[in-house]
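**Q** Chains as they are written, first to last, in full-length UniProt numbering: chain A, 1 to 207; chain B, 1 to 207.
Worth flagging that the hints you see were computed from the coordinates, not collected in a lab.
Just to be clear, a hint being listed does not mean it is correct.
One copy or two, either will do: identical chains are not told apart, so a pair holds if it fits within one copy or between any two.
Only pairs whose alpha carbons sit at most 27 Å apart, straight line, appear in this in silico DSSO-like list of lysine-lysine [claimed, not checked]:
1. K100 with K177
2. K8 with K132
3. K60 with K115
4. K22 with K177
5. K132 with K158
6. K100 with K22
2 protein chains.
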Amino acid sequence: MGIQKSGKGLLIVLSGPSGAGKGTVCSALRRQAPEVVYSVSATTRQPREGEVDGINYFFKSKEEFKRMIEEGELLEWARYVDNYYGTPRRFVEDRLAEGKNVLLEIEVQGARQVKEHFPEGVFIFLLPPSMKELYARIRGRGTESEEVVEDRMTAARKELDQVHQYDYVVVNDEVAKACQRIRSIMMAEQSRRERIFREQPDWLEGF
Amino acid sequence: MGIQKSGKGLLIVLSGPSGAGKGTVCSALRRQAPEVVYSVSATTRQPREGEVDGINYFFKSKEEFKRMIEEGELLEWARYVDNYYGTPRRFVEDRLAEGKNVLLEIEVQGARQVKEHFPEGVFIFLLPPSMKELYARIRGRGTESEEVVEDRMTAARKELDQVHQYDYVVVNDEVAKACQRIRSIMMAEQSRRERIFREQPDWLEGF
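This is chain A alone, in the form it adopts within the complex (with noise of 0.2 Å):
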């Protein structure tokens, strides 16, 4: 978009505690933002009916996986239960070189992760419309034990906690609205006079 063609992309982190609608607002994007490069994560869980791997997933085996860790192959990854799910570096590092803009969609913990190794990404903090949804939908469809549920409160607590870690709140009160705000943020980081200035100090000479 204009001002930083000769620049690299923006990094896009969309987070935000479970139950906030990351999935849902980011599947909005994809159509709406084809221009935007969705980062492609890998995991160790078996493909489902339909999914190709590149596309949907890097599918690895769980040797594959801890090797790309221990040689700093992920810029994030988490385990759930019994499967490794992360997020390859090289798909976004080359993307971004080439000045595409890169949008991942990771849990709370991820993203404090990639902010060690991009502090200048642009972090975005999704929240459901209200504290009482939020809370209304991490109790479910009330099918969970009382247990359950405080366990995942206390998580979203934590989750919430971190919202100083971020740039931007976006309140996904309506995912159309939500994708309108997200997508004002990466068009404004464009022409962030500190990001212009950074990535080319002699800018305004050449321009």
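Start from chain A and add chain B according to the hints.
**A** Showing chain B alone in chain A's frame:
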């Protein structure tokens, strides 16, 4: 727009060197973004045909204008040839308190004065499509003396040096694109975590 409904509006300062097209961009924004309040300047010059007091300008006598300066009623002011121009503080502060976003389209010198009063404002530096274009505009129709052109060049260079005081740099390559960038900046700034929590430190609790 959602998140900041209960907070103060944004003060957006659109400035940049003479010849950047501030007036043209601002006129286009007025049509596209009528929800934004456009500040009305005070001036001592005579109203032109069709100009309405309180709409195009607040028309003031020189005595009244000097009194406003002395009593701190202007956010910024300057004298051009025989007339004074300035931005009445009260109008801006009242609209901001109502939660409205207010846009000031002013000269670089004035923007510096505003920044002293409103460091939390959003400062946007508008540039023409290229340095070559800027110099062409300064040179004008070639009817000015070399001395006049040289003075204007010196002034433009001083104005360009001020870019580092600004939050955003927007290139006016096309008026429609410049407007879109400015509107994105306004929307994005309303989602900035720092801004939300500065205005409402306990925002998350009330959420």
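**Q** Take the hints in turn and mark each one as holding or not.
**A** Hint check results:
1. K100 with K177: both (23 Å within a copy, 19 Å between copies)
2. K8 with K132: between (40 Å within a copy, 25 Å between copies)
3. K60 with K115: within (25 Å within a copy, 54 Å between copies)
4. K22 with K177: So K22 and K177 pass the 27 Å test inside one copy only (13 Å; across, 29 Å).
5. K132 with K158: For K132 and K158, only the intra-copy Cα distance (17 Å) is at most 27 Å; the inter-copy one is 53 Å.
6. K100 with K22: Classified as within; 21 Å inside a copy, 30 Å across copies.
Violated hints are absent here; each numbered hint is respected by the structure.
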